[in-house]
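**Student:** If you read the sequences in order, they're chains S and Y.
Heads up: the first sequence begins at 0 in numbering that gives the first Met the number 0, then just goes up one per residue.
Heads up: the second sequence begins at 0 in numbering that gives the first Met the number 0, then just goes up one per residue.
FYI, nobody ran anything at the bench for these hints, they're computed from the structure.
There's no promise every hint is true.
Same chains, same label: a pair holds when it works inside one copy or across any pair of copies.
Using 25 Å as the maximum straight-line C-alpha spacing, the simulated DMTMM-like pairs for lysine to aspartate or glutamate come out as follows [claimed, not checked]:
(1) 75 <-> 41
(2) 75 <-> 15
(3) 30 <-> 15
(4) 39 <-> 69
(5) 39 <-> 74
(6) 39 <-> 9
(7) 75 <-> 2
(8) 30 <-> 9
(9) 30 <-> 18
(10) 39 <-> 54
(11) 75 <-> 27
(12) 75 <-> 93
(13) 39 <-> 15
(14) 30 <-> 89
(15) 30 <-> 41
Protein chains: 2
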Amino acid sequence: MRDPAGSLGELRASIDNIDAALVYLLAERFKFTQAVGHLKADAGLPPADLAREGEQIARLRRLADQSGLDPVFAEKFLAFIVAEVIRHHEAIAESR
Amino acid sequence: MRDPAGSLGELRASIDNIDAALVYLLAERFKFTQAVGHLKADAGLPPADLAREGEQIARLRRLADQSGLDPVFAEKFLAFIVAEVIRHHEAIAESR
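Only chain S is shown next, with the shape it has when bound in the complex:
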């Protein structure tokens, strides 16, 4: 059997690489949602959009299934991100 501390270090190095990718992707995602926020504020649209969120949840659950991610977690993850996005959109709408 391999040295557990060595294996732990290798696994953690891979986790750290994935986390860097996640951070950079999230930074890009928030750029796009900021643009959505400005567009919605310009058009007088409300920050939240339940129909869109319903479609996103269904799609992410499908993708989670395909990738081996727990679909329940995928849904919780989207809710976590969307809560932050709506906070940003409200801030944009209030600053007008």
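Please arrange chain Y on chain S, whose structure you already have, making use of the hints.
**Tutor:** Chain Y alone, transformed into the frame defined by chain S:
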């Protein structure tokens, strides 16, 4: 000015692409943390590791700064993921 509904659709298509990438990366991340969980259970190590979490938080905040992501959000994001990971590790330890 461009058609707002058209622009909104384009922005959402980019957000959907990023979300697919996020789901697939998260699926890989949980594979690595499951391996960490089994390794910790084999070695009798506790599920949580505060020193490791402290290093992860500091690193993710740096990466967030570099990428333009809110470092406070990056820290909340890590806490959200780690809570799920610890739930998995506890389940692994209990199943032994």
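**Student:** Next step is simple, just say for each hint if it's right about the structure.
**Tutor:** Quick rundown of the hints versus the structure:
| no. | hint | in the structure |
| --- | --- | --- |
| 1 | 75 <-> 41 | neither (30 Å within a copy, 30 Å between copies) |
| 2 | 75 <-> 15 | both (22 Å within a copy, 16 Å between copies) |
| 3 | 30 <-> 15 | both (23 Å within a copy, 13 Å between copies) |
| 4 | 39 <-> 69 | between (32 Å within a copy, 22 Å between copies) |
| 5 | 39 <-> 74 | within (24 Å within a copy, 28 Å between copies) |
| 6 | 39 <-> 9 | between (45 Å within a copy, 14 Å between copies) |
| 7 | 75 <-> 2 | neither (36 Å within a copy, 33 Å between copies) |
| 8 | 30 <-> 9 | between (32 Å within a copy, 13 Å between copies) |
| 9 | 30 <-> 18 | both (18 Å within a copy, 13 Å between copies) |
| 10 | 39 <-> 54 | within (18 Å within a copy, 38 Å between copies) |
| 11 | 75 <-> 27 | both (20 Å within a copy, 17 Å between copies) |
| 12 | 75 <-> 93 | between (27 Å within a copy, 24 Å between copies) |
| 13 | 39 <-> 15 | between (35 Å within a copy, 18 Å between copies) |
| 14 | 30 <-> 89 | within (15 Å within a copy, 36 Å between copies) |
| 15 | 30 <-> 41 | within (17 Å within a copy, 43 Å between copies) |
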